[in-house]
Structures are given as C-alpha cells and as structure tokens.
Amino acid sequence: MVLVDTPIWSLALRRSVSALNPREQILTAALRELIRDRRARIIGPVRQELLSGIRLETMFQQVCEQLRAFDEPILEAADYEDAAHTHNYCRTRGIAGSPTDFLICAAAIRRDWQIFSTDHDFTRYASVIPLRLYQAN
0 MVLVDTPIWS LALRRSVSAL NPREQILTAA LRELIRDRRA RIIGPVRQEL LSGIRLETMF
60 QQVCEQLRAF DEPILEAADY EDAAHTHNYC RTRGIAGSPT DFLICAAAIR RDWQIFSTDH
120 DFTRYASVIP LRLYQAN
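Letter by letter, the sequence shown follows residues 0 to 136 in numbering that gives the first Met the number 0.
If you're looking for bench data, these hints aren't it; they were derived computationally from the structure. All C-beta atoms in this analysis are idealised placements derived from N, C-alpha and C, irrespective of residue type, glycine included. Careful, some of the hints might be misleading.
[Claimed, not checked] What follows is a list of derived Cβ distance ranges for each label pair:
1) Arg90 <-> Glu64: 26 to 32 Å
2) Asn20 <-> Gly93: 16 to 22 Å
3) Ala125 <-> Ala77: 18 to 24 Å
4) Cys63 <-> Arg92: 33 to 39 Å
5) Gln47 <-> Pro129: 23 to 29 Å
6) Glu56 <-> Asn20: 25 to 31 Å
7) Arg54 <-> Gln134: 30 to 36 Å
Construct the entire structure; sequences and hints are all you get.
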C-alpha cells in the first residue's frame, strides 16, 4: 500500500492535464496505476490539506466526491504518539518538519506503507527513520 501525500493528489485532482509538465504527467500516471491496483491510500490530514484553499465551491465539491472513493484508516492514539516521537527524534538530528508530515510518517511506518510525495522533506526524514518512499517510474 502507498500513502499518497497532498502534492500528488493536488496534481491529479486540482490541475488541468494540459497544464502538467512531463514529470508531473509521470507522477499522475503513477497515481492512476496505484488507484487501479487499489494500493493508493489517504489519511484525514492529507484530505484536509488538499481541500483547503479550493476557492470554487464546485471544484471543492468535485474533489470531495472524488476522494470519497478512498477509505481512510482510523488514526489511533499510537499514530499521534509515534508522530510526536518521530518529530522529536528527527529534531535532535537537525531535521525539522511539520506535524502533518510526521503524522504521515507515523501512519505509514505503523502500517508498513510507502509514501508517495514530491515533498523532498520525506527524503530527509528517510535518512534517519525507517521510511519507505514510493518512486514513480
């Protein structure tokens, strides 16, 4: 399974296909493949990030509807505790990040999922925690 981060969903659901550069087209094709294979996953904070800032109500409703096709794992106290622990661990090694990023890391690690993102912070996190990153071909 692959936990898909906000930037990837945003490319696929909030941008016009004609506006994507070749690299972005590869990324959205990889997401489509993950969806076809039923391997794409989302968590609530990613859903919230993706929906935040959509100005047009019609687009907001359209993206909501598209995301409803994806079940979310229930985040447990252990996910939040692990996220805080991971944040503290990374911070002592000079690596800072957002609470949402560390919740993504914790959820993925606890479930043995990969993370699919264009956010280079995850590469930094993976240098000190057992994070598996999904690479689009």
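Going down the list of hints, with the structure as the test:
1. Taking the beta carbon of each, arginine 90 and glutamate 64 are about 38 Å apart, not inside 26 to 32 Å as hinted.
2. Here the CB-CB span from asparagine 20 to glycine 93 is close to 32 Å, at odds with the stated 16 to 22 Å.
3. For alanine 125 paired with alanine 77, a C-beta distance near 21 Å keeps the hint of 18 to 24 Å intact.
4. Checked against the hint of 33 to 39 Å, the pair cysteine 63 and arginine 92 passes, with Cβ atoms roughly 38 Å apart.
5. The given range of 23 to 29 Å is respected by glutamine 47 and proline 129, whose C-beta atoms sit roughly 26 Å from each other.
6. In this structure the supplied range 25 to 31 Å holds for glutamate 56 paired with asparagine 20, their Cβ-Cβ distance being about 28 Å.
7. Range check, arginine 54 to glutamine 134: Cβ separation about 33 Å, and the 30 to 36 Å hint holds.
When the structure is compared with the earlier hints, violations turn up for hints 1 and 2 and for no others.
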